[in-house]
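Chemist: Each residue of the sequence shown is one higher than the last, beginning at 1 in the working numbering.
Among these hints, one or two may not hold up.
[To be verified] Taking lysine-lysine pairs in the DSS-like style, the calculated list, with each CA pair at most 27 Å apart, reads: (1) K23 with K56; (2) K25 with K48; (3) K145 with K130; (4) K85 with K56; (5) K47 with K25; (6) K85 with K47; (7) K48 with K23; (8) K25 with K85; (9) K219 with K145; (10) K25 with K56; (11) K48 with K85; (12) K56 with K301; (13) K219 with K130; (14) K85 with K301; (15) K47 with K23.
In case anyone wonders, no lab produced these hints; they're calculated from the structure. Fair warning: this is a prediction, and the values are worked out from it, not measured in the lab.
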Amino acid sequence: MLASDEIFRRNWERIREVDFDLKSKTNLYHAIIDLSGQPSYDEIWYKKDGGELYVKIHDVPGTLSGDILRLLAPLPSLTTHSEIKGNSIQSIPNTPLVDVQDFEFPDQDTSTVVLELPITTFNEAIHFAKTSRCLSEVPNLLRAKGGPHIVELLGRTEDGLLVFPRYLDSRASSVLKGADLSIAWLRRVLLQLAEALVFLHGQGIIHRDVAYRNVLISKDLQDVYLCDLEGAIGSDICPEIIAAGQVPPTQRPYTDKSDVYMFGITLTDFILGNSTMNRWCYTSHWVPPAPFDVIAQACLKTAPYERPSMMEIRAMLEAIPVST
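Kindly produce the complete structure, drawing on both the sequences and the hints.
Modeler: Have a look at this one:
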């Protein structure tokens, strides 16, 4: 049965309005000093009377603590360090805020591998240039060359910048603002994005940073391209990456299934044309309208083994009926 574009767009508007309303009303991040996300809870430190207030909030869906994390209920007024679990609030000892080790990936000397690339005459109207920061970037781009809907490395400038075709940032595209959205168009471009990841995984490349910001779109709005194949710093909201704790990027357990999780996040943000406030909202109100909701929910399973492969996701997208 074909889903109606009109119903889809109405639901699209409703979801965005709910998210805007919840963001505007929540006090969860007021006077925040820092936050540490864990697989099943968040630790938040607030400014309080010239000092710190430590609050630990557990993810128990359908209860006070779960609703607070999902912006569905306000954080109660607290006078002591507290743990909120389910509908229970208990005073607990303070967990002092400590400086988290900064694992910002240092720029690597990529000059040797970049100089092996052919020189491309740079034209700002049709090209984009960037510095190569990671030794894995150029090899990944060369292995992915010719792959479907992956931004193509054209060469280098004389001063050693990488040269790519120029596309639009999909986050700024007016087509993603609702009025012209159609299920058929979304199905087609999301299939393109899925094809890109199917290809990368077939080449043994884990993207690590599948994200809305890394989806580019052609000027005619007919094709999308996945960019940022650095393969170093990655997204850190996937459950198994969070569970790994404070370890250097090279030791984080990125796999094809962490890419799948982030595809679910990206699909949701791409369809809804925005990002929500935190990861918990993706299991609450920030879910794309049907028929894409079931795909997002499958990708966002907590256990990696429960998530589909990118080939299975591609098949799910192909199975969405559209008018011809």
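Chemist: Would you mind marking each hint as holding or not holding in the structure?
Modeler: Results for each hint:
Under the criterion of a C-alpha separation no larger than 27 Å, the hint pairing K23 with K56 is consistent with the structure, at around 20 Å. Between K25 and K48, the direct Cα distance comes to roughly 20 Å. Compliance with the 27 Å bound is thereby established for this hinted pair. Of the supplied pair hints, the one linking K145 and K130 holds, its CA atoms being roughly 17 Å apart against a limit of 27 Å. For the proposed pair K85 and K56, the alpha carbon gap of about 8 Å is at most 27 Å, so the pair holds.
Pair hint K47 plus K25 holds up; C-alpha atoms about 19 Å apart against a cutoff of 27 Å. Taken as a hint, the K85 and K47 pair is honoured in the structure, with Cα atoms around 22 Å apart against an allowance of 27 Å. A distance of roughly 22 Å separates the Cα atoms of K48 and K23; the hinted pair therefore holds under the 27 Å criterion. At most 27 Å may separate the alpha-carbon atoms for a hinted pair to count; K25 and K85 meet this at roughly 22 Å.
For the given pair, K219 sits about 21 Å from K145 by alpha-carbon distance, which is consistent with the 27 Å threshold. Under the criterion of a C-alpha separation no larger than 27 Å, the hint pairing K25 with K56 is consistent with the structure, at around 21 Å. A C-alpha spacing of about 21 Å is found between K48 and K85, which places the hinted pair at or below 27 Å, so the restraint holds. Taking the CA atoms of K56 and K301, the gap is about 23 Å. The hint holds against a cut of 27 Å.
For a cut-off of 27 Å, the pair hint linking K219 to K130 stands: about 20 Å separates their Cα positions. At roughly 22 Å between alpha-carbon atoms, K85 and K301 fall within 27 Å of each other, so this suggested pair holds. Restraint check for K47 and K23: the C-alpha separation of about 20 Å stays at or below 27 Å, so the hint holds.
In this structure, none of the earlier numbered hints is contradicted; all agree with it.
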